[in-house]
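Chemist: Listed below, chain by chain, are the residues.
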Amino acid sequence: QKEVEQNSGPLSVPEGAIASLNCTYSDRGSQSFFWYRQYSGKSPELIMFIYSNGDKEDGRFTAQLNKASQYVSLLIRDSQPSDSATYLCAVNMMGNYGQNFVFGPGTRLSVLP
Amino acid sequence: ETGVTQTPRHLVMGMTNKKSLKCEQHLGHNAMYWYKQSAKKPLELMFVYNFKEQTENNSVPSRFSPECPNSSHLFLHLHTLQPEDSALYLCASSFKGILPYEQYFGPGTRLTVT
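Protein chains in written order, with my numbering: chain A, 1132 to 1244; chain B, 6 to 119.
Calculated from the structure, these hints are not laboratory results. Cβ coordinates follow ideal geometry from the N, Cα and C atoms, glycine included. Some hints could be false.
Partial list, computed: chain B residues near chain A (C-beta under 7 Å) [claimed, not checked]:
{"no.": "1", "residue": "Ala44"}
{"no.": "2", "residue": "Pro47"}
{"no.": "3", "residue": "Leu48"}
{"no.": "4", "residue": "Glu107"}
{"no.": "5", "residue": "Phe110"}
So that you can see chain B by itself, here it is in the shape it has in the complex:
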């Protein structure tokens, strides 16, 4: 595997379900990100992990719970979601120093909440 991979690619879940999204990067980067992309809206940064430590949480509802066990893996745990949470969830990775370097995105998970 190369680059940034995400599983599953598509997910349909009910509002009472619990599911997890997985991201893995094979680029040797030290930072990983979760973004949400809804129709007609800009990419929204949700969480940032730098060397496994969460460094950004942009007021994301607690029904989204990130986990970063090491610098190559990132999870997004989902529970009791709402229909408005339906979106494309993108994982990205980069080197991160004082300034952000270019980010590389995975293919995304298309989430539908019913």
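Looking at chain A on its own, in the form it has when it is part of the complex:
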């Protein structure tokens, strides 16, 4: 069973703190990793993607990938109440007809003013 796992949360952090969101995946052959943000009642919105081991920074967001440990994380610096949402990790895995995304269950983040 090919899986993507995330802590469901809620993860609560105070405003201005660093929020750390984690994701593990089962398919050692996965090569593409994506983070989406989903506000309640809305559709997922792409935040970042990462293909190579190491860190990738975009503004307040940093994605970290460790393929050996099958682990990808998202750090949000200077967290704001507007960052309160569910964060979805997506990983490419081989399906019946080729590579497609498998989404994790999401981690709910709450940033407290």
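Take the given structure of chain A and dock chain B to it, following the hints.
Modeler: Chain B only, in chain A's frame:
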């Protein structure tokens, strides 16, 4: 219109009804997807179309029937649904080569089956 659009945004239907969901992408992508999102469950991939050809069907019941007339339009035809089919149905599009590229989602259709 920009991005990925979906209509209707909300749909209530009885178990004997037939309805269709529509998705249109304005991003020049070559692949389109249908996902189901139920409460407390991860996004479930239902169907994938690549250059109008269906390339994935994740054991979806036959009461859901997709149609992709061209690379910009995708439909999901619904008939004799069950109450457990109530969910948010999301359409997405992307470029697709050997590896999947980032997907962009439409706003979704909130479906309630009574």
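Chemist: Please go over all the hints and tell whether each is borne out by the structure.
Modeler: Evaluation of the provided hints:
1. Ala44: Constraint on Ala44(B) not satisfied, violated at 11 Å.
2. Pro47: holds, 4 Å
3. Leu48: Holds. Min distance 4 Å.
4. Glu107: holds, 5 Å
5. Phe110: holds, 4 Å
Violated hint: 1 only; the structure is consistent with all others.
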